[in-house]
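There are 2 protein chains.
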Amino acid sequence: MQFPFIEQMKLGSRLEAAVPKDKIGDVKVMNNEYDNEKFFEEYAKMSRSKEGLKAAGEWHQLKPLFPSLEGKSVLDLGCGYGWHCKFAEEQGATKILGIDLSKKMIEEAQKRNSGNQIEYRISGLEEYDYPENEWDCVISNLALHYIEDIVEIFQKVYRTLKPGGIFLFNIEHPVFTAGVGQDWIYTDDGKPQYWAIDNYFITGERNTHFLGCDVVKQHHTLTQIIMGLLNNGFELKVVEEAEPPKEMMDIPGMEDELRRPMMLLVKAIAKK
Amino acid sequence: MQFPFIEQMKLGSRLEAAVPKDKIGDVKVMNNEYDNEKFFEEYAKMSRSKEGLKAAGEWHQLKPLFPSLEGKSVLDLGCGYGWHCKFAEEQGATKILGIDLSKKMIEEAQKRNSGNQIEYRISGLEEYDYPENEWDCVISNLALHYIEDIVEIFQKVYRTLKPGGIFLFNIEHPVFTAGVGQDWIYTDDGKPQYWAIDNYFITGERNTHFLGCDVVKQHHTLTQIIMGLLNNGFELKVVEEAEPPKEMMDIPGMEDELRRPMMLLVKAIAKK
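From first to last, the protein sequence lines are chains A and B.
Heads up, the first sequence is in the UniProt record's numbering, so the first residue is 1 and it goes up one at a time.
Heads up, the second sequence is in the UniProt record's numbering, so the first residue is 1 and it goes up one at a time.
So here's chain A without its partners, still in its complex pose (with noise of 0.2 Å):
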């Protein structure tokens, strides 16, 4: 498997992007201890695991839709090892939390991340209570395609946002998902011929390897996506596909990754 893109996504540690099992609880994702030790022994090895943001493929287009965060409140749901909310504290931001079901990602946040206006919190995004009108800003970086009903958390977003507040997120493409395997066709010879989508209206469940482990992804259509959104009281201020940036193309087989979109970066605005 050739996802240089990911790759980068990796090297900027999100491990969300290959849930571990403790990551799980009742969301049914992983079921298999050795292949989480596994996971982690892997992600452990890798030479770039410490860089964070300016390492991943989409932060050259994600960091541009942040809004002002100075004096803000935060919350990052799927926060992983905390680099944006690390970002946040960075920014300004005076109140942030960060949830992620998995105690080790959220002890790895709190070794790697921490601050003073940071908390880490090891909760479902299903089990978090959204209190009304409680934050400025909600983001979400590569968490949401491993949730079966999105659009109840749209709501529950929508329900903690401040009228105005913002919600920032990026869900792997729907192209993406509904991939063969969620992999290249390969040719022959094993270079990738194309990328093959299939079942594309029958959303739910995708089972998928990642980083040598089985994990279970969600699919959802656009459709579900924007109209989730639009029909939750949300605006929309930008929808965009993830392009890696110039800088990574000398990266063997980044070119790929202009072969189909792999990410979707959303912003929308909490109409109260």
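Hints are not guaranteed to be accurate.
One copy or any two copies: either way a pair holds, since identical chains are not told apart in the list.
Unchecked claim - Below, simulated DSBU-like cross-link-like pairs (lysine-lysine); rule was C-alpha separation at most 30 Å, straight line: (1) Lys-156 - Lys-72; (2) Lys-54 - Lys-72; (3) Lys-191 - Lys-271; (4) Lys-162 - Lys-237; (5) Lys-246 - Lys-103; (6) Lys-191 - Lys-156; (7) Lys-271 - Lys-111; (8) Lys-246 - Lys-271; (9) Lys-103 - Lys-63.
Calculated from the structure, these hints are not laboratory results.
Bear in mind that the values here come from a model prediction, so they are computed numbers and not experimental data.
Here the structure of chain A is known, so what remains is to put chain B in place on it, guided by the hints.
Then chain B, alone, in the frame of chain A:
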């Protein structure tokens, strides 16, 4: 090629789905007069070619997206046989202009769907003058994927819409226009194996075959379509991928239409 969904579209006589030579003008779409004649002949042969909108696979989704047209003015970009202009008149619109680059198409529209409130005019989408604040509603059905610079059209549509005016269009889905040969990959025994896409971020010309003709379409990314609207004064109201209606699911091959999205319906409002 098995596209029962678009076959239904043809039955709705959306001739613009394959652009004849005289629709081309400066827009360089096709250049074979014989293919043109052949294309029209193929059309003339179709037994359901006069059924209109109800035979169009996406109509069940597009129809509810129309705003109230009572006493309103409507511009149809790429009107084809004029079915949508006729619908607008039936809905009470009092001033309707359908433009199409094709002289033959306009002749057909005048024959099939003339009306006291309707004017048909031979004009490419790029050539129309888009007078400021002129129209309550601008519609376009399966024409914009022949336009190289859709953002320019979006800007002109914004200009010509009255404040709060509606832009409602249906365009071939980026997954469809980025399709390899814009066709299925087939198994050895001729069944659609999957839908392959490639060169997604390389926008522009795609050479395709349709009804025995060479047709050049323009591939736009989702980003181009959505941001082209959001960056030019529009607010998004609806973004929906068309699914064939249940009552068409017994048509042979129609179930395959659930395997990849073919059309994108968009409703936007001009904020002025």
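Each hint tested on the structure:
1. When the C-alpha separation of Lys-156 and Lys-72 is checked against a cutoff of 30 Å, the pair qualifies only within one copy, where the shortest distance is 19 Å, while the shortest distance between copies is 39 Å.
2. Taking the closest pair of Cα atoms, Lys-54 and Lys-72 come within 30 Å of each other only inside a single copy of the chain (23 Å); across copies the shortest separation is 52 Å, beyond that limit.
3. Taking CA atoms no more than 30 Å apart as the test, Lys-191 paired with Lys-271 passes in neither setting, with 47 Å inside one copy and 47 Å between copies.
4. For the identical chains of this complex, Lys-162 and Lys-237 are neighbours both inside a copy (17 Å) and across copies (22 Å), given an alpha-carbon limit of 30 Å.
5. For the identical chains of this complex, Lys-246 and Lys-103 are neighbours neither inside a copy (36 Å) nor across copies (45 Å), given an alpha-carbon limit of 30 Å.
6. Proximity of Lys-191 and Lys-156 under a CA criterion of 30 Å is satisfied in neither setting, with 43 Å inside one chain copy and 43 Å between copies.
7. Neither within a single protomer nor between protomers do Lys-271 and Lys-111 lie at most 30 Å apart by alpha-carbon distance, with minima of 37 Å and 47 Å respectively.
8. In the homo-oligomer, the alpha carbons of Lys-246 and Lys-271 never lie at most 30 Å apart, since the shortest distance is 36 Å inside one protomer and 35 Å across protomers.
9. For the homomeric pair Lys-103 and Lys-63, the shortest alpha-carbon distance inside one copy (27 Å) is at most 30 Å, but the shortest distance between copies (49 Å) is not.
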